[in-house]
Amino acid sequence: MGSTGVLAVQGDFTEHVHVLRRLGQPCREVRLPEDLGKVDALIIPGGESTTIGKLSDRFGLTEAIRERTLAGMPLWGTCAGMIFMAKDLGAHRQSMLQLMDITVERNAFGAQLDSFETDLPISVFDDGLFHAVFIRAPVIESVGASVDVLSKLKDGRIVAAEQDNLLATAFHPELTDDPRFHEYFVDKIG
Amino acid sequence: MENGTYSFTHKAGLAQMLKGGVIMDVVNAEQAKIAEDAGACSVMALERVPADIRKDGGVARMSAVEKLVEIKEAVTIPVMAKCRIGHFVEARIIQALSLDYIDESEVLTPADVANHVNKHEFKIPFVCGARDLGEALRRIGEGAAMIRTKGEAGTGDIVEAVTHMRKIMSQIRRVTALSDDEIMAEAKQLQAPYELLKEVHRLGRLPVVNFAAGGVATPADAALMMHLGAEGVFVGSGIFKSDDPEIRGKAIVEAVTHYQNDDMLAQISRGLGEPMRGIAVEQMAAEELLAKRGW
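Line by line, the protein sequences are chains A and B.
In short: position in the first sequence from 1, add 5, done, that's this note's numbering.
In short: position in the second sequence from 1, add 1, done, that's this note's numbering.
Watch out, some of these pointers could steer you wrong.
Said to hold, decoys possible - Under 10 Å between C-beta atoms, here's a sample of chain B residues computed to sit facing chain A:
| id | residue |
| --- | --- |
| 1 | G14 |
| 2 | I35 |
| 3 | G40 |
| 4 | T77 |
| 5 | Q192 |
| 6 | T258 |
What the hints assert, rightly or not - Lysine-lysine pairs mimicking BS3-like chemistry, simulated, CA-CA at most 30 Å apart:
| id | chain 1 | residue 1 | chain 2 | residue 2 |
| --- | --- | --- | --- | --- |
| 7 | B | K124 | A | K157 |
| 8 | B | K56 | B | K189 |
| 9 | B | K34 | A | K92 |
As the list claims (entries may be wrong) - Partner residues are not named here, just some residues of chain B that face chain A (Cβ under 10 Å, in silico):
| id | residue |
| --- | --- |
| 10 | Q17 |
| 11 | P79 |
| 12 | T110 |
| 13 | D113 |
| 14 | L229 |
| 15 | V254 |
| 16 | H259 |
Derived from the structure by calculation, the hints contain no laboratory data.
We treat Cβ as the ideally placed atom computed from N, Cα and C, and that holds for glycine.
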C-alpha cells in the first residue's frame with residue numbers, strides 16, 4: 006500500500022492524519038523535501054494559504070511538490086491547499102504551486118464571520134450528500150477544459166474539482182467523520 | 002449555517018486552521034505587514050505591546066478603531082483584537098468591524114472583577130487565557146473556542162507559560178485516567194463545568210485548540226512550548242521588542258514547524274541579533290503579575 010503524505014508546515018494537518026489512520030492508510034507528515042521522497046501522494050491541508058506558501062518556498066517544498074506532481078503524484082488540497090494548487094488567483098499575488106487549471110477567489114464569502122456548513126451532492130459519490138464545512142472559504146471561479154467539476158453550491162459556484170491526479174475541495178472533509186473524500190483520494194495512488 | 006450565532010463546533014473549527022502557526026502582536030499596519038511577511042498565520046491587534054503596558058502603566062484598553070481598521074486593511078491573514086475582561090461592548094465593536102477573533106485578555110486592564118464576557122452570544126470566536134484546566138474549562142463554558150496559556154506577558158520569561166502548559170497537560174492526563182464515577186468530584190475540585198470535564202475525559206485533550214502565550218522570546222522558547230503540548234504559539238513583545246523583528250519573526254515561525262528537528266532549530270536560531278531584554282518573573286512583585294487577572 007502506498008504512503009500518503011500530509012504537508013505539515015502549518016494548518017490542520019493532524020486532522021488529515023487522523024482520518025488516514027482511521028482508514029488504516031500509511032501516512033507521514035511532510036515538512037522538508039526529503040520527507041516528500043518517502044510518500045506516494047500528498048494532501049495540502051486547511052490553514053493560512055499565505056503562511057503555507059511562504060514556508061513551502063523557504064524549505065524548498067514548493068519546487069519539490071511541483072516536480073513530483075508533474076511526474077504524476079496524486080495531490081489534494083483542502084481550502085488553503087486548494088488556493089496553493091491553483092494556476093490563477095485573479096489579481097491577488099502570493100506564493101503558489103500553479104498546478105491545477107482553476108481560477109480561485111480567496112475568502113470568497115468574506116471574513117470568518119461568513120463561514121458556514123451545508124450538505125452537498127458530489128458527482129463521484131452515489132451514496133448520499135456530503136456534509137461540507139466551509140471556513141473562510143475560497144471558491145473556484147472558473148475551470149480549464151481538462152478539469153471535471155465535482156460539486157457546486159446551490160448558487161452555481163464551484164467548490165470541488167478534479168484534474169487527472171489533482172483534487173481540490175474548498176471545504177474541509179478532514180473536520181467531519183465522513184471519510185469518502187480520503188478514500189477517493191487514496192484510490193488515486195497507482 | 003443560518004445567520005446569527007455559530008455553533009460551538011464551527012467556531013472551534015475556525016481556530017483549527019491556525020494550528021502549527023504563530024500569532025504575532027502588532028500595534029499598527031506596518032508591524033502587521035512585517036508579521037504577515039514573516040509567515041504569521043494571524044496578527045493580534047492591541048494598543049501597546051505588553052512590555053510597553055508594563056513600562057507606561059495606565060489603563061490598557063481595546064485598540065483605537067482606526068488602528069483596527071488600518072491593520073485589517075493591511076493584511077490578508079486573519080486579524081484578532083484584544084478586549085478587556087468582561088467588556089462585552091468592546092467585544093461587540095470588534096465584531097461589528099468584522100475582525101476574525103477576539104482575545105478577552107488579562108493583558109488589558111479588566112473591566113469586570115467577577116464576570117467574563119458571555120461568549121456564546123457572539124458570532125465571532127473568542128480566545129481566552131488560562132493557567133490550569135479549571136480556568137480553561139470555565140472559559141470554554143462561557144463560549145471560548147480557543148485557549149492559550151496566560152504565561153506572563155511582556156516579560157520575555159518563558160517560565161510561567163511552561164508552568165501553565167505543564168499544569169494543564171498534567172491535569173488532562175489525570176482526568177483521562179479517572180473512572181466515570183470520579184468526574185463530578187474532580188469537577189468540583191477543579192471548579193470546572195461537569196459536562197466539559199466529561200468531554201476532556203472522553204477526548205484526552207481540551208475540546209478546543211490550545212496555544213502557548215506569555216513570555217515567548219526565542220525560536221527555542223516556541224519549540225519548547227510545542228513539545229509541551231501547545232498546538233501553536235502567540236508572540237507578543239518578543240518580536241517587536243527585539244533587535245530585528247523581521248528575522249526573529251521568521252525564525253519563530255520556522256521553529257514552530259520544525260520543533261522536533263534539532264538540526265533545523267540550530268540553523269534557524271543563528272544570526273537573530275539580540276532578543277528582547279526581558280524581566281525575570283521571579284524578581285517581580287506580586288502586584289505586577291498580569292496572569293492573576295481572570296476569574
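Right, here's what the structure says about each hint:
Interface hint status for G14 of chain B: upheld, as the beta-carbon distance to the closest one in chain A is roughly 5 Å, under 10 Å. A hinted interface residue such as I35 of chain B counts as satisfied when its beta carbon comes closer than 10 Å to some beta carbon of chain A; here the least separation is about 13 Å, so the hint is violated. Proximity of G40 of chain B to chain A holds as hinted, the smallest CB-CB distance being about 5 Å (cut-off 10 Å). Proximity of T77 of chain B to chain A holds as hinted, the smallest CB-CB distance being about 6 Å (cut-off 10 Å).
Hint status for Q192 of chain B: violated, given a least beta-carbon distance of 30 Å to chain A, over 10 Å. Interface restraint check: T258 of chain B against chain A, minimum CB-CB distance 5 Å, threshold 10 Å, status holds. Distance restraint check for K124 of chain B and K157 of chain A: the Cα-Cα separation of roughly 26 Å lies within the 30 Å cut-off, and the hinted pair is therefore satisfied. With a CA separation close to 39 Å, the supplied pair K56 of chain B and K189 of chain B exceeds the 30 Å bound.
Restraint check: the Cα-Cα separation between K34 of chain B and K92 of chain A comes to about 25 Å, which is no more than 30 Å; the hinted pair holds. For Q17 of chain B, the suggested interface contact is upheld, since its CB lies about 5 Å from the closest CB of chain A, less than 10 Å. This hint holds: P79 of chain B has a C-beta 6 Å from the nearest C-beta of chain A, less than the 10 Å allowed. Because the smallest distance between the Cβ of T110 of chain B and any Cβ of chain A comes to about 27 Å, over 10 Å, the interface hint for this residue is violated.
Because the closest C-beta pair between D113 of chain B and chain A is about 25 Å apart, greater than 10 Å, the hint is violated. At about 16 Å, the closest approach between the beta carbon of L229 of chain B and any beta carbon in chain A exceeds 10 Å, and the interface hint on this residue is violated. Using the Cβ-Cβ criterion of 10 Å, the hint placing V254 of chain B at the interface with chain A is satisfied: the shortest such distance is roughly 7 Å. A cut of 10 Å between beta carbons decides the hint on H259 of chain B: the least distance to chain A is about 6 Å, and the hint holds.
Of the numbered hints listed earlier, those contradicted by the structure are 2, 5, 8, 12, 13 and 14.
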